[in-house]
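Participant: So the sequence lines, in the order shown, correspond to chains A and B.
Counting in my numbering, the first sequence runs from 1 upward without gaps.
Counting in my numbering, the second sequence runs from 325 upward without gaps.
Do not rely on the hints blindly, as some may be mistaken.
[Claimed, not checked] Some chain A residues well away from chain B (every beta-carbon gap over 10 Å; in silico):
hint : residue
1    : Val13
2    : Gly84
3    : Gln92
[To be verified] Distance condition first, Cα-Cα at most 27 Å in a straight line; then the derived DSSO-like pairs of lysine-lysine:
hint : chain 1 : residue 1 : chain 2 : residue 2
4    : A       : Lys67     : B       : Lys368
5    : B       : Lys438    : B       : Lys368
6    : A       : Lys210    : B       : Lys382
7    : B       : Lys391    : B       : Lys420
8    : A       : Lys5      : A       : Lys39
9    : A       : Lys39     : A       : Lys80
10   : A       : Lys170    : B       : Lys382
11   : B       : Lys431    : B       : Lys382
12   : B       : Lys420    : B       : Lys431
Bear in mind the hints are in silico, worked out from the structure with no lab data behind them.
Values in this document were obtained by computation on a predicted structure and should not be read as measured data.
A virtual CB, placed ideally from N, CA and C, is assigned to each residue, including glycine.
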Amino acid sequence: MMNKKSMEAAQLVAIMIVLVSFVLIAGTVTRFLAKANDKEAEALCHDSIALRARTQVNIESRALDAKIKTVPVLCKTIDKKITGNREEIKQQIADKIARCWWMFGEGKHEEILGNRVDLAPALLGTDNQPNKCFNCYTLLIDQDTIEGGNTIDSQELLRYMSTHTIPNTKDVTYLDYIQSYGGAGMLGSIIPQGIEPRHGYTVSILPKNKDKESINWVKAAGITTMVAVVIGTAACATLTGGLCAVIIAVAPAAASVGGGLTASGLGYEVLHGDYRPGPNLPDGSTNSGLPIEEIFEERVFSSIYVSDLNIGEQFCGSGDLAGQ
Amino acid sequence: MAKEVSWTLGMYMLAIIVGVLLIVWLFAPSGSFPQLRGIVSGIKDSVSVGAPELTAEKPAVSEVHQKELSALQSTIRSMIESPAENCFESYDGFTKLGEEGMKLEIKYDSREDKTYFDVWGGIGGKQKVTDSSFTVDHVRSCVIAGDETITSNFDQRFLSETDKTVPVEYKIADLVIAEDDGGIFRFTRNRIDYGSSFQDFEGHQWLFKPDSGHICFFPTVRSATIWSCEGGEAGGLAAFCFDSDETNGIPSKVRSGNLVRC
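The shape of chain A in the complex, shown without the other chains (with noise of 0.2 Å):
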């Protein structure tokens, strides 16, 4: 009887033990295999881009202009859970910026994500991203606090990448790597709050689309309208004298639209690309007036972007573009 009773105490304690290293033993390959996939799937998307570009058929002739990308695009959003000290959080956003920079062919690329004529943009999976750019990241931030105060703002992040280089780099810093080694690059970001534990994070690249600045029509029109005001205004006070007094009444308020066009042309943010909301604009637009979706739309040159998740999300496309 007692024998038996040992018997069973053993064979619990041995199936205990295969329990336990099971889990061990799974949570350890299930860790690697993930790791392993998001470097295949980063190496995959690199050089689906780097094929994308090799193979662009060009037609320039009188009756059509296109740029036709044959190859489909095989990148997928990666989640990414990031802990540790101060330091190691703002490292690691600045390699997944950089990896994203590198997956996208590194500013080289222009309009990498579309075709200038749309054949088949379902066909390619790109044509659930609304401004062609694309979430590279999603990050958590998997940790209560942040050491040295819970906040790492988008100064501190953007000093930290000008004066720190990639690893297995010699001189290049991550700034330098963005804005000049390829292609010329903008890091920008959109995060009001900073960067902030349990709070989630899109790292987004947004090729070039365009060549370069096209006129801007609002602030042209409110150059052409203050313009206007004033010489009608003058012209009438010479010709009639005193029948114009209503409309020099009138002229300064319709000027003034001019002049309000005028100043809200160009966003300062965007000059460097950093946001900052006004304290009262939920639906998105800035406090210069720019909306968000400007600053997505059209770019001179590739940017990367560090976002909100929401904004992110909200911007550019995410998910798996080789599995639509």
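Given chain A, put chain B in place with the hints provided.
Facilitator: For chain B alone, kept in the frame of chain A given last:
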């Protein structure tokens, strides 16, 4: 069976012969169909494969702006090293920065107790010019603006000298110096933003050190009611205060020794 095979073979041969003849007719120097050959050649010339690779250079500012930045940096450093307080110093100021040209952001970092002078330029003025940016330790930027009392006190104490006992006040602020269109009926020129919007910056050649921890800049105002150097406007001192021939202006007073250089 053999008949079918030889028929298929024959068809292949025929197709190859026709193909060869077509190529000869099209591309041989004395070939036929010159017009068709032209069209085919045209298509060949207008089609290429492979996206052009874009390249870039490290962002930099112009030589002139770099000199101005260096002058600003060395002037600030010499002012900090000087034991004097309530003192003035001039530097070159900034020539036209350009609509998408250079921009200077001056920001204090409390964690490091350091002020960053970040320079932006490059393509579209949106790239950080790391080689031109610099930092200054243990000092914050400020402006003689932001409140009527600040400019009024400054005027009474240093310019009109009506009351030399009033306290020196200033507004501590992060700053942006850039070209700005100024809105309605105003010229595009270099302006300074100390928190709310861009203000005129005709005092751009002068700096003021109220104490060992601050260096102040001078936003300015111009209006139809201001005809001489005076304070009292929240936006800044009157632009006249920086005219070299204005009796109560800073340049004259520094020249005459009424105001102290750092």
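Participant: A separate judgement is required for each hint: does it hold in the structure or not?
Facilitator: Quick rundown of the hints versus the structure:
1. Remark: the non-interface label on A/Val13 is consistent with the geometry, its nearest Cβ contact in chain B lying 53 Å away (cut-off 10 Å).
2. With 10 Å as the threshold on Cβ separation, the claim that A/Gly84 sits away from chain B holds: the shortest Cβ distance comes to roughly 18 Å.
3. Annotated as non-interface, A/Gln92 keeps its C-beta farther than 10 Å from every C-beta of chain B; the closest such distance is 20 Å.
4. Only pairs whose Cα atoms come within 27 Å are accepted, and A/Lys67 paired with B/Lys368 is accepted, the gap being roughly 15 Å.
5. For the hint pairing B/Lys438 with B/Lys368, the CA-to-CA distance comes to about 61 Å; that exceeds 27 Å, so the pair is violated.
6. Our distance criterion of 27 Å between C-alpha atoms is met by A/Lys210 and B/Lys382, whose separation comes to about 21 Å.
7. For a cut-off of 27 Å, the pair hint linking B/Lys391 to B/Lys420 stands: about 13 Å separates their Cα positions.
8. Restraint check: the Cα-Cα separation between A/Lys5 and A/Lys39 comes to about 51 Å, which exceeds 27 Å; the hinted pair is violated.
9. Taking the CA atoms of A/Lys39 and A/Lys80, the gap is about 12 Å. The hint holds against a cut of 27 Å.
10. In summary, the hint linking A/Lys170 to B/Lys382 is supported, as the alpha carbons are separated by about 16 Å, within the 27 Å threshold.
11. For a cut-off of 27 Å, the pair hint linking B/Lys431 to B/Lys382 stands: about 23 Å separates their Cα positions.
12. Restraint check: the Cα-Cα separation between B/Lys420 and B/Lys431 comes to about 22 Å, which is no more than 27 Å; the hinted pair holds.
When held up to the earlier numbered hints, the structure conflicts with 5 and 8 and fits the remainder.
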